[in-house]
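Construct the entire structure; sequences and hints are all you get.
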Amino acid sequence: MNGKIVVEHLTKTFKKGNVQAVKDVSFEVEEGEFFAFLGPNGAGKSTTVQILTTLINATSGKAEVAGHDVIREPEKVRRYIGVALQETGVDPDLTGREMIELQANIFGFRKEEGKKRAQELLEIVQLTEAAERRIGNYSGGMRRRLDLALTLVNEPKILFLDEPTTGLDPSNRMAIWEELRRLNEEVGTTIFLTTQYLEEADSLAHRISIINDGEIVATGTPKELKAQIGNDLITLTLKDENQQAEAVEYLRGQMADVDVISRHNKVLIYVEEGTKQLLEVVRLFDQEGYEIEDIQLSSPTLDDIFLKITSEKKEGVRADGE
Amino acid sequence: MGNNLWKDTWLMTVRNIKTTLRNPFSFIPNLIISAFFLLVYEGGLSGISQLPTFEGANYLAFILPVSIVSAAIGGAGGAGQSIVKDIENGFFSRLLLTPASRLAIVLGPIIAGMLQLVVQTLLIIGIAFLLGLEVVTGFGGILFVLLIAVGWGLAFAGYSAGVALRTGNAQAAQAGTFIFFPLIFLSTTFVPYDLIEAQWLKIAATINPTTYIFESMRTALIDGWVFWDLMQGVFAILIVCTITITFAAVSAKKAVSRG
Numbered sequence: 102m103n104g105k106i107v108v109e110h111l112t113k114t115f116k117k118g119n120v121q122a123v124k125d126v127s128f129e130v131e132e133g134e135f136f137a138f139l140g141p142n143g144a145g146k147s148t149t150v151q152i153l154t155t156l157i158n159a160t161s162g163k164a165e166v167a168g169h170d171v172i173r174e175p176e177k178v179r180r181y182i183g184v185a186l187q188e189t190g191v192d193p194d195l196t197g198r199e200m201i202e203l204q205a206n207i208f209g210f211r212k213e214e215g216k217k218r219a220q221e222l223l224e225i226v227q228l229t230e231a232a233e234r235r236i237g238n239y240s241g242g243m244r245r246r247l248d249l250a251l252t253l254v255n256e257p258k259i260l261f262l263d264e265p266t267t268g269l270d271p272s273n274r275m276a277i278w279e280e281l282r283r284l285n286e287e288v289g290t291t292i293f294l295t296t297q298y299l300e301e302a303d304s305l306a307h308r309i310s311i312i313n314d315g316e317i318v319a320t321g322t323p324k325e326l327k328a329q330i331g332n333d334l335i336t337l338t339l340k341d342e343n344q345q346a347e348a349v350e351y352l353r354g355q356m357a358d359v360d361v362i363s364r365h366n367k368v369l370i371y372v373e374e375g376t377k378q379l380l381e382v383v384r385l386f387d388q389e390g391y392e393i394e395d396i397q398l399s400s401p402t403l404d405d406i407f408l409k410i411t412s413e414k415k416e417g418v419r420a421d422g423e
Numbered sequence: 111m112g113n114n115l116w117k118d119t120w121l122m123t124v125r126n127i128k129t130t131l132r133n134p135f136s137f138i139p140n141l142i143i144s145a146f147f148l149l150v151y152e153g154g155l156s157g158i159s160q161l162p163t164f165e166g167a168n169y170l171a172f173i174l175p176v177s178i179v180s181a182a183i184g185g186a187g188g189a190g191q192s193i194v195k196d197i198e199n200g201f202f203s204r205l206l207l208t209p210a211s212r213l214a215i216v217l218g219p220i221i222a223g224m225l226q227l228v229v230q231t232l233l234i235i236g237i238a239f240l241l242g243l244e245v246v247t248g249f250g251g252i253l254f255v256l257l258i259a260v261g262w263g264l265a266f267a268g269y270s271a272g273v274a275l276r277t278g279n280a281q282a283a284q285a286g287t288f289i290f291f292p293l294i295f296l297s298t299t300f301v302p303y304d305l306i307e308a309q310w311l312k313i314a315a316t317i318n319p320t321t322y323i324f325e326s327m328r329t330a331l332i333d334g335w336v337f338w339d340l341m342q343g344v345f346a347i348l349i350v351c352t353i354t355i356t357f358a359a360v361s362a363k364k365a366v367s368r369g
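Sequences listed follow chains A and B, in order. The numbering of the first sequence is this note's numbering, which starts it at 102 and goes up by one. The numbering of the second sequence is this note's numbering, which starts it at 111 and goes up by one.
Source of the hints: derived by calculation from the structure; they are not laboratory data. Each hint should be verified, as a subset may be incorrect.
[Said to hold, decoys possible] Result set (BS3-like, lysine-lysine): computed pairs, CA atoms no more than 25 Å apart in a straight line:
#, chain 1, residue 1, chain 2, residue 2
1, A, LYS177, A, LYS163
2, A, LYS377, A, LYS340
3, B, LYS363, A, LYS163
4, A, LYS163, A, LYS116
5, A, LYS117, B, LYS364
6, A, LYS216, B, LYS117
7, B, LYS128, A, LYS216
8, A, LYS217, B, LYS128
9, B, LYS364, B, LYS117
10, B, LYS364, A, LYS177
11, A, LYS367, A, LYS340
12, A, LYS212, B, LYS128
13, A, LYS327, A, LYS377
14, A, LYS124, A, LYS105
15, B, LYS117, A, LYS212
16, A, LYS116, B, LYS364
17, B, LYS117, A, LYS217
18, A, LYS163, A, LYS124
19, B, LYS117, A, LYS177
20, B, LYS363, B, LYS117
21, A, LYS163, B, LYS364
22, A, LYS212, A, LYS177
23, A, LYS163, A, LYS105
24, A, LYS117, A, LYS163
25, A, LYS367, A, LYS327
26, A, LYS116, B, LYS363
27, B, LYS363, A, LYS177
28, B, LYS363, A, LYS117
[Said to hold, decoys possible] Selected chain A positions facing chain B (Cβ under 8 Å, derived; list incomplete):
#, residue
29, ILE157
30, GLU176
31, ARG179
Idealized CB from N, CA, C, for every residue including glycine.
Shown next as structure tokens:
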């Protein structure tokens, strides 16, 4: 048993509608690592987590979690993982304390041990005051904190969290982030988190895989991902929007080694040396008579990276199709 | 750690009993309806037991099985209801992610439903005694009636759990309980077989396994220990249980499988 996740050529096709939700996905997560799966709705994040947590079977490929094969030894995997999925809920008629005690007893804690563990966890997620209330009366934030407590009952080696902060207000989100950081740093729990929020992955994860349309399109540390697409980002808006397509083509012709992306009414330019190339862009546009309304220089955020990678992919597909 | 069928079944059953008791409206209406059957039919129809076909039987003892079967089906239906509730609010998925025995996850609500049934049946029998019930076979006969109720409840629990696991949908499970009406009323519900007028109802009553449940309970309550008359209910239970429990098992296997 270890705290690792090893995934090789994982594929999942749903018979219903013949949808290929996960396409040949491979990655590894080291023991004690904080790993994030980042992607939009329907990218295949949840399906991957459901396979890794033994809820559904893969169509093909292999996955090992905590040193056990998820398909052949699901019982063993279940002992060592803590899971909070979008699909998992609680019994609203039990109190928070009863729910945790039940979970503890299922995981083999004896009665007294289970009571002790429940008290510890209630304190960690700050639900002691609400412990005797029925879960049906909990707020969304309290439910999510209870969810987290439930995943920790068996002191898991690996924690799987499927969009744990979606729909939460900022203060509840921060509370969850803090607890996850603590678990990862102090307890050494491996964490696999999926999220749609780039800032969440950026601020929490050691390493990120970006998944889109069932495929991993990029993997690296937040820093690496930023570096991969250039150090700086120039964002500009033209005075005359109608010139944008033409201007982008022109710029691509003139600056062969930089990436230029057109998005809504903005032109995004990923460059190596921001200040120098900013001046070059201004000079080139000035020469051709494209009037610039607004121009900014910044370090790319994961948001920008995400846009770049997914739009590159789309353009690639379109080019193939033509 | 974990994976102990008995312990897990115990945990699941206790939790189901707890949540049932916290939702009194999940069982009180059914209990009232069953008691209502007993009171109203006894109050309104008991005169017909003067007819020679009744051979002097007490109408209260005649109508009691209807009330008991109604309570039993209601109690057993609770098993399906709580499974549907668990599937809908995601608790079922959470249980599947723990090392808990898969069998225990499904057995818990069924056992809790059976216990609910026993309590409801005993309450109904208690009410009947208050109304002046007399049983020829005495305590043993009551025990037999209770066993038949449990057996028939189990058959219905298999059906309701099967529908619940297959659909995972409260409306579908609710619709499934409508089978209650033909089961109870297309039978020798109010009068003995010979007194049923319409030919179609006679045919329906012959096909309806509930008829054999009613008749076997009535034998114990009214006629005494007539072996083969008692056994017709046992056979009906064995046949129907085989079908519905298989249906439940196949549905359960599908629900906990990882497709």
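Hints the structure fails to honour: Checked against the structure, no hint fails, so every one of them is satisfied.
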